[in-house]
Amino acid sequence: MSEDLVVEDLHAGYGDARVLHGVRFTVRQGEVCAILGPNGAGKTTLLRALSGVIRARGTITLGGTSLTGRSPDAVARLGVAHVPEGRGTFMPLTVEENLRLGAYVRRGPSVEEDLERIHTYFPVLKKRLKQAAGSLSGGEQQMLALGRALMLRPRVLLLDEPSLGLAPLVTRELFRIVQAINTEERTTVVVVEQNAHLALGIAQQAHVLETGRIVLSGTAAEIRADEQVAQSYLGYRV
Amino acid sequence: MSTTKAKVERPASVRKGGGRFDWRWAGLAALLAAAVYAPFQLVPFHVFQLTMVLVYAVALLGLNLLVGHAGQISLGHGAFFAIGAYTCAILLDRFDLPYPLTLPLAAAVAFVLGLALGVPAMRLRGLYLALVTLAIAIFLVPLLKRFEELTGGSMGLTLAKPTPPAWSGLAEDQWLYFLTLAVAVAAFLLAASLLRSRVGRALHALRDNEIAAEVMGVRLSFYKTLAFAWSAMFAGAAGCVYTWVIGFVSPDSFTVNLSITLLAGLVVGGLGSLSGPVLGGLFVMFVPSISQDINDAAPGVIFGLLIIAVMYVAPTGLAGLAGRLIKKIPRKE
Amino acid sequence: MAAFLQQVVEGLGAGAIYASLALALVLIYQFTGIVNFAQGELAMFSTYIAWQCVAAGMPFWLALVVTLAVSFAGGMLIERIIIRPVEGAPELTIVIVTVGLFIFVNAAAGWIWTFLIKDFPNPFPGGALEAAGISVNFSTLGVLGVVALVMGLLYLLFQYTKIGLGMRAVAANPASARLVGIRVGRTLALGWGLAATVGAVSGVLVAPLLFLEPNMMGGVLIYAFAAATLGGFDSPLGAVVGGLVVGVAETLAGAYVGFIGSDLKVGVPLVIILGVLLLRPQGLFGRAAVERA
Chain Z
7 MSEDLVVEDL HAGYGDARVL HGVRFTVRQG EVCAILGPNG AGKTTLLRAL
57 SGVIRARGTI TLGGTSLTGR SPDAVARLGV AHVPEGRGTF MPLTVEENLR
107 LGAYVRRGPS VEEDLERIHT YFPVLKKRLK QAAGSLSGGE QQMLALGRAL
157 MLRPRVLLLD EPSLGLAPLV TRELFRIVQA INTEERTTVV VVEQNAHLAL
207 GIAQQAHVLE TGRIVLSGTA AEIRADEQVA QSYLGYRV
Chain H
6 MSTTKAKVER PASVRKGGGR FDWRWAGLAA LLAAAVYAPF QLVPFHVFQL
56 TMVLVYAVAL LGLNLLVGHA GQISLGHGAF FAIGAYTCAI LLDRFDLPYP
106 LTLPLAAAVA FVLGLALGVP AMRLRGLYLA LVTLAIAIFL VPLLKRFEEL
156 TGGSMGLTLA KPTPPAWSGL AEDQWLYFLT LAVAVAAFLL AASLLRSRVG
206 RALHALRDNE IAAEVMGVRL SFYKTLAFAW SAMFAGAAGC VYTWVIGFVS
256 PDSFTVNLSI TLLAGLVVGG LGSLSGPVLG GLFVMFVPSI SQDINDAAPG
306 VIFGLLIIAV MYVAPTGLAG LAGRLIKKIP RKE
Chain L
50 MAAFLQQVVE GLGAGAIYAS LALALVLIYQ FTGIVNFAQG ELAMFSTYIA
100 WQCVAAGMPF WLALVVTLAV SFAGGMLIER IIIRPVEGAP ELTIVIVTVG
150 LFIFVNAAAG WIWTFLIKDF PNPFPGGALE AAGISVNFST LGVLGVVALV
200 MGLLYLLFQY TKIGLGMRAV AANPASARLV GIRVGRTLAL GWGLAATVGA
250 VSGVLVAPLL FLEPNMMGGV LIYAFAAATL GGFDSPLGAV VGGLVVGVAE
300 TLAGAYVGFI GSDLKVGVPL VIILGVLLLR PQGLFGRAAV ERA
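If you read the protein sequences in the order shown, they are chains Z, H and L. In terms of our numbering, the first sequence has 17 at position 11, counting the first letter as 1, and numbering is strictly consecutive. In terms of our numbering, the second sequence has 34 at position 29, counting the first letter as 1, and numbering is strictly consecutive. In terms of our numbering, the third sequence has 142 at position 93, counting the first letter as 1, and numbering is strictly consecutive.
Treat the hints with care, as some may be off.
Simulated restraints, written as ranges between beta carbons of each label pair [stated by the list, open to error]:
hint : chain 1 : residue 1 : chain 2 : residue 2 : range
1    : L       : L333      : Z       : Q35       : 51 to 61 Å
2    : H       : S294      : L       : S311      : 34 to 44 Å
3    : L       : V114      : H       : R151      : 36 to 46 Å
4    : L       : T142      : H       : G32       : 23 to 33 Å
If you're looking for bench data, these hints aren't it; they were derived computationally from the structure. Bear in mind that the values here come from a model prediction, so they are computed numbers and not experimental data. Think of the CB as a built atom: it goes at the ideal place given N, C-alpha and C, for glycine as much as any other residue.
Taking the hints into account, I'd like the entire structure generated from these sequences.
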């Protein structure tokens with residue numbers, strides 16, 4: 007049974023403000039899909055619609071199961087982990103508690119195993135397990151958010167601007183880990199990024215979103231090669 | 006709501022050469038005519054009840070400035086009502102002042118106290134203002150009992166009511182009614198003009214979005230404090246008239262229940278509208294007097310349920326609901 | 050010195066009761082940012098349920114268990130029915146709704162049980178413990194013990210259970226809590242249920258000291274507000290410490306400040322609330338400034 011994430015004719019917005027106008031794309035199981043585009047294109051809105059944070063019209067299915075109209079907690083229970091804008095850290099709670107919350111909808115001893123596994127991806131977190139999460143640096147909090155999402159053993163990982171506010175070196179390390187997670191856990195990843203270069207570096211497929219519509223789709227290599235796209239959306243010259 | 010609506014509509018009718026008939030003013034005129042006519046048709050007890058409606062309406066006009074227009078919560082407005090009532094009573098009892106003079110003095114005392122309490126209280130967000138005002142209302146009762154030589158302690162003070170002048174040919178209840186009506190009309194006009202002024206606009210900006218208002222240069226604490234002081238002044242004036250009408254003050258008339266009932270009446274009558282306080286006054290007066298026959302607790306049950314219901318279905322209260330219905334009528338033509 | 054310590058002990062006894070109601074207030078504030086003005090009245094209503102059970106012939110401790118269970122269910126129901134529809138509404142609206150609930154519950158108790166005062170059984174033995182010239186009533190010890198027990202149980206719940214972890218997550222970041230799969234609505238209802246239960250404890254503790262009547266908790270509520278303000282509205286520990294401090298301050302002020310005496314003691318919470326809000330608005334144990342946008 008295929009575990010593809012299929013999005014068709016997706017409309018969503020906030021109150022009267024319509025942001026997404028009929029978005030359609032498919033992410034094949036185990037692939038990394040990059041959503042690119044300028045500020046205000048609707049990238050964050052798209053992720054919010056996928057995880058049920060905002061109401062959406064259209065169809066979203068994961069392995070044949072419909073996600074549309076479900077509440078965020080229900081979507082999470084179906085195995086979609088959303089690392090939101092701002093990282094969603096539970097500041098006053100400890101690092102370990104943050105990680106355990108990631109596995110909130112799961113039971114059993116495997117949670118302890120997963121904690122160990124998270125430590126191999128993020129050795130920096132292991133040293134700070136008992137520390138309040140709010141005391142971590144921005145990069146560490148982003149690692150924590152990724153770790154929290156992994157604790158769900160997600161079928162799909164939704165990442166909203168993981169590079170935001172981080173130093174280039176930290177960002178690169180972060181993307182390296184995302185790629186490792188993707189290859190080792192076979193987790194499907196949808197990553198929204200301003201930094202197209204980094205995102206395309208780990209993605210197989212990419213879509214360019216502009217004013218709520220997908221204006222260009224292709225393999226990461228195709229998108230990267232398209233000179234016009236590079237200039238108008240990705241902000242760099244080839 | 007209705008005030009902003011009026012603001013929008015009036016220039017339009019002026020532009021059309023005043024060809025449209027303003028139903029709002031006609032309604033007010035008819036209401037005033039009825040109010041003048043009523044005491045000659047009713048038995049004294051009912052005249053007294055109407056008088057009390059007006060007294061409460063004056064207090065609610067003030068509370069409405071604070072809650073309905075500035076969006077701040079007071080659970081202790083009965084305290085300012087009590088301060089006005091006691092100021093009046095003490096001036097009459099101790100200084101034998103002619104009663105008309107007690108009104109401006111009582112209002113001034115309440116205003117100054119409102120200002121003094123408003124300065125610290127208004128640095129607080131709405132929620133904490135509710136706590137502080139509630140604490141004040143609870144504290145006032147033992148305080149009034151303590152200063153026995155001045156306030157008469159638990160026994161309170163009994164005073165002569167204003168007697169009607171011979172030229173008027175009115176009975177005592179009618180005279181008290183007209184005095185109260187005059188104060189109420191003056192208070193109504195004052196509140197209306199306050200709200201039309203720059204201050205009113207600042208208050209609305211505050212209620213709708215504190216942060217945006219501050220960015221726009223509205224001096225938050227200044228206007229909040231002012232709104233608090235004014236609302237205290239209206240409550241003080243109402244308390245003063247209360248003393249005229251009842252001729253008796255005692256601490257137990259001004260418990261925290263009075264404060265809560267006032268807020269309840271205002272919410273049910275309609276927050277943020279000019280007619281809300283009058284409707285609220287009717288509620289504060291008649292819900293208890295009618296429902297008490299069923300059970301001592303019936304007024305509370307009714308008020309409690311009404312408040313919750315109003316907040317769900319019509320946050321602008323009965324006045325807002327009526328306004329919405331009236332607006333719908335021409336649309337159906 | 051012994052007389053002074055005696056006053057302190059009595060203040061602690063009163064303070065423990067304020068602490069338990071403040072704890073209930075804090076529980077709800079933490080999860081929802083709502084200060085529940087009806088908390089005291091809910092506690093009063095619970096106490097009547099206990100009274101009714103005892104009057105029907107139930108042993109006291111069984112009546113207490115029944116009362117706590119009913120209060121828990123009642124708190125959850127109130128969240129579902131009364132509070133849920135105004136969730137996310139302006140603070141003014143929510144405060145007014147809880148004031149409406151205050152008026153309604155108060156009157157409903159008066160309707161069902163009349164406004165006549167009722168005797169409430171004291172679960173603790175009479176007599177006192179004498180030591181070093183101080184006598185401590187068994188009932189004071191009992192009150193302190195019960196509040197310590199409640200505090201301990203809450204601590205265990207929050208710190209060592211999954212539900213408790215979920216509740217803390219909701220308090221810290223509701224949006225993110227939803228994303229990890231926590232049913233936030235259910236957690237909020239749970240918070241109200243817990244608060245009503247803790248409040249019921251305070252009502253049952255205070256009833257033997259005062260008389261049981263519908264306005265019994267009105268005075269206690271203002272002390273609980275002072276306690277929660279002093280401790281910080283988002284800190285359960287703060288609520289307890291605040292309650293004890295307020296109790297002691299009130300008793301000492303009444304005993305040693307001639308002007309205050311026993312009748313003006315109710316000014317103490319007013320002074321404490323004003324003082325804390327002006328000097329340290331987040332309270333002693335509060336995390337951030339109380340401004341919640």
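Do the hints match the structure? See the list:
1. L/L333 / Z/Q35: 51 to 61 Å: Because 53 Å falls inside the window, the suggested range holds.
2. H/S294 / L/S311: 34 to 44 Å: Hint holds: Cβ distance 36 Å, inside 34 to 44 Å.
3. L/V114 / H/R151: 36 to 46 Å: holds (44 Å)
4. L/T142 / H/G32: 23 to 33 Å: For L/T142 and H/G32 the Cβ distance comes to about 29 Å; the hint holds.
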